[in-house]
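*Asks:* As a plain string of letters, each chain reads:
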Amino acid sequence: MKDKLVIAMPKGRIMEEALEIWMKAGLPLPNDLEDSRKLILSIEEYNMEWILAKPMDVPTYVEYGVADIGIVGKDVLMEANREVYELLDLKISPCRLSVAGPPDVKPQQGFSKIASKYPHVAEKYFREQGQQVEVIQLHGSVELGPIVHLADRIVDIVSTGRTLKENGLVEMETIAQITTRLIANQVSYRMKNERINALIEQLSRVLAENEG
Amino acid sequence: MGKIKPFEKPVGFRDLLTEMTAKKRAVEGHLQQLFQSWGYEEILTPTLEFDETIGKASAISSGKMFKLQDRLGHTLVLKPDMTAPIARVVSSILKDHPVPVRLSYHTNVFRAQENEAGRASELYQSGVELIGEGTPDGDAEVIALAIESLKQLQLNDFQLVVGHTSFLYGILADWVEEKDQQEELISDLSCKNMVGFKQKIEKWVTDREGQQSLLTFAHLQGDIRVLDQAKAIAKSERAKQAIEDLYQVWKLIKIYGLESYITFDLTLVPHMEYYTGMVFVGTVKGIGFPVCGGGRYDSLLDAFGNPQAAIGFAIHLDRILEGSKIEAPRKRKVKVIYDQEHREEALHYVLTRRNEQNISIETQRYTGKNVDYEIDMVNEQGKEIIWFIERGESQNEG
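Sequences listed follow chains L and Y, in order.
Following numbering that gives the first Met the number 0, the numbering of the first sequence begins with 0 at its first residue and continues without gaps.
Following numbering that gives the first Met the number 0, the numbering of the second sequence begins with 0 at its first residue and continues without gaps.
It cannot be assumed that every hint is accurate.
Claimed, not checked - List of simulated lysine-lysine pairs, DSS-like, C-alpha gap at most 30 Å:
#	chain 1	residue 1	chain 2	residue 2
1	L	Lys3	Y	Lys324
2	Y	Lys66	Y	Lys55
3	L	Lys112	Y	Lys63
4	L	Lys90	Y	Lys202
5	L	Lys116	Y	Lys63
6	L	Lys123	L	Lys10
As the list claims (entries may be wrong) - Quick list of the computed label-pair ranges, beta carbon to beta carbon:
#	chain 1	residue 1	chain 2	residue 2	range
7	Y	Ser189	L	Gly139	27 to 35 Å
8	Y	Ser235	L	Arg12	41 to 49 Å
9	L	Gln176	Y	Glu208	45 to 53 Å
10	L	Gln176	Y	His270	24 to 32 Å
11	L	Asn46	Y	Lys197	29 to 37 Å
12	Y	Leu47	L	Ile39	44 to 52 Å
13	L	Pro93	Y	Glu40	26 to 34 Å
14	L	Gln176	Y	Glu40	49 to 57 Å
15	Y	Gln228	L	Gln131	46 to 54 Å
16	Y	Gly322	L	Pro118	29 to 37 Å
17	L	Thr178	Y	Arg24	48 to 56 Å
For the record, the hints were derived by calculation from the structure and aren't laboratory data.
Bear in mind the structure is a predicted one, so any value in this text is a computation, not a measurement.
Ideal placement from N, C-alpha and C gives every residue a C-beta, glycine not left out.
Start from the sequences and build out the full structure, keeping to the hints where you can.
*Replies:* Now the structure itself:
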């Protein structure tokens with residue numbers, strides 16, 4: 000009896016896109032995928048289990064090894080700063096982690112205020128730029144920050160830039176290019192190496208086809 | 000920050016209750032017995048060291064150390080690992096001791112944790128250091144002892160993954176000149192970001208052979224066959240020598256009969272920067288973090304003016320205590336309850352019985368209020384109760 004492979008999936012948009020690649024690779028889906036109340040789905044015949052988690056929590060489940068592998072955005076990985084192996088770029092949900100603000104925002108003399116869902120990334124970025132800022136953590140609708148004068152600028156993910164535009168903000172600097180990654184627990188990567196590598200190979204094949 | 004409540008402890012510090020403490024002692028006992036049988040003698044070093052010396056020599060980053068000041072204004076650190084203090088001891092007090100020196104330890108080490116409130120800042124480690132033995136035989140001895148230790152601990156399936164920093168740095172230096180680029184590649188390898196690694200190789204390495212070599216290198220994980228592949232792409236003497244060493248180590252491990260526990264990963268990046276040769280980590284099925292790590296650190300002793308080859312490993316006890324099937328030796332638990340009239344008789348009885356092997360006897364003065372209550376309570380704890388009181392009935396009940 001082989002060991003069960005546990006996968007942390009991020010509930011939401013990324014998961015939908017990941018599932019397309021997953022299905023193209025001929026990998027099995029759980030029967031009760033449509034049952035939205037379930038948090039754990041199992042695929043008995045493949046000895047696999049899915050944990051449906053909040054995207055921000057995926058690296059945590061994987062770092063502690065309760066999930067062997069996980070699917071998660073690079074933005075979350077950068078913010079969570081967990082000790083996990085980053086095995087594959089699934090190249091889905093591409094976007095940028097950027098600094099944005101009102102077009103007329105002036106470089107501040109003293110303390111600039113930055114609103115963000117990614118306080119660690121923001122803090123690190125500005126520190127490395129030699130800028131002193133105060134980072135204010137918000138949990139959503141970060142664009143509100145500059146509008147209500149809570150902050151001068153924001154750090155957030157930008158894909159089409161439409162949301163920014165609608166709120167009168169412009170993208171100023173790109174911190175990082177973001178795509179979705181397959182991550183693994185460092186011990187599972189060793190102990191379940193064959194299964195994980197087989198999975199990566201199957202997924203890579205689809206990715207190569209998509210590109211070609 | 001509110002007022003500290005009376006029961007609070009500093010973040011990351013915890014009490015180890017009786018059961019775990021007994022288990023920890025048993026585990027350390029088993030390990031020390033094993034270390035001893037391989038010629039490793041136990042040593043203790045101070046909890047506080049100078050930041051100037053141990054703090055600097057240690058591979059733990061300065062920000063992760065607990066610091067305080069002594070009365071003269073020197074900065075002190077709570078010992079962040081055991082390797083640097085042992086290097087200090089071997090380079091000073093034991094300087095004239097004939098090499099190789101074999102030392103073992105069971106200690107707590109301290110790391111300030113930034114990430115998470117609940118993570119332990121005080122860690123328990125057991126390990127060994129072998130100083131003055133620069134041969135592959137020394138490498139193999141320490142690997143073999145690490146495997147025997149994990150066997151001893153009665154854990155689930157485990158594995159030791161072996162790499163070599165000279166090969167790792169050697170092959171990168173063969174094809175990538177820029178120090179910064181080398182560091183970025185190392186950082187990709189340390190989180191197994193093979194995609195990032197390959198992209199950078201394709202961008203930075205223009206030489207066709209170099210690209211091929213490094214792309215092959217990225218896959219050098221698996222059984223003994225990866226050494227053959229590694230040999231084929233090794234260019235510099237440094238990289239070639241590393242592979243020769245690993246072949247030797249493999250041969251020796253086979254003599255020890257432990258080859259089934261070993262796999263190779265030549266892309267393995269150790270957590271500690273001071274490693275200079277063979278490195279390894281141990282993983283156990285079902286435990287999310289590596290349970291042991293070690294390797295060769297031939298240049299660390301330079302920092303103490305005593306250039307010597309050195310190699311060692313540490314087992315992270317915190318991570319295995321729960322999973323280990325080792326049990327603290329079972330004790331027969333007895334409780335003697337006596338009243339004033341039988342006090343002398345009871346205490347004499349207790350003193351005699353305390354000479355027995357594996358016994359734990361406690362006494363309690365009977366006050367007349369707590370008999371029935373005691374029967375229930377102590378029985379639950381699996382204790383035999385012996386009465387020394389006047390009750391008109393038989394004296395021994397329980």
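*Asks:* With reference to the structure, classify each hint as holding or not holding.
*Replies:* Each hint tested on the structure:
1. Using a Cα cut-off of 30 Å, the hinted pair L:Lys3 and Y:Lys324 holds, with the two alpha carbons roughly 22 Å apart.
2. At most 30 Å may separate the alpha-carbon atoms for a hinted pair to count; Y:Lys66 and Y:Lys55 meet this at roughly 12 Å.
3. Taking the CA atoms of L:Lys112 and Y:Lys63, the gap is about 28 Å. The hint holds against a cut of 30 Å.
4. A hinted pair counts as satisfied when its Cα atoms are at most 30 Å apart, and L:Lys90 with Y:Lys202 qualifies at roughly 19 Å.
5. Among the hinted pairs, L:Lys116 with Y:Lys63 is consistent with the structure: their alpha-carbon atoms are about 26 Å apart, no more than 30 Å.
6. Only pairs whose Cα atoms come within 30 Å are accepted, and L:Lys123 paired with L:Lys10 is accepted, the gap being roughly 27 Å.
7. As the Cβ distance of Y:Ser189 to L:Gly139 is approximately 33 Å, the hint placing it in 27 to 35 Å holds.
8. For the pair Y:Ser235 and L:Arg12, the supplied restraint of 41 to 49 Å holds, since their beta-carbon distance comes to about 48 Å.
9. At roughly 30 Å, the beta-carbon separation of L:Gln176 and Y:Glu208 lies outside the given 45 to 53 Å, and the hint is violated.
10. As the Cβ distance of L:Gln176 to Y:His270 is approximately 28 Å, the hint placing it in 24 to 32 Å holds.
11. For L:Asn46 and Y:Lys197, the Cβ-Cβ distance of about 30 Å falls inside the hinted range of 29 to 37 Å, so the restraint holds.
12. The hint said 44 to 52 Å for the Cβ distance between Y:Leu47 and L:Ile39, and at roughly 48 Å that hint holds.
13. Distance hint check for L:Pro93 and Y:Glu40: the Cβ-Cβ separation is about 59 Å, which falls outside the suggested range of 26 to 34 Å.
14. For the hinted restraint 49 to 57 Å between L:Gln176 and Y:Glu40, the CB-CB distance of approximately 55 Å keeps it satisfied.
15. Between Y:Gln228 and L:Gln131 the CB atoms are about 50 Å apart, so this pair conforms to the stated range of 46 to 54 Å.
16. Take Y:Gly322 and L:Pro118: their Cβ atoms lie about 35 Å apart, and the range 29 to 37 Å holds.
17. At roughly 50 Å, the beta-carbon separation of L:Thr178 and Y:Arg24 lies within the given 48 to 56 Å, and the hint holds.
In summary, the numbered hints that this structure violates are 9 and 13.
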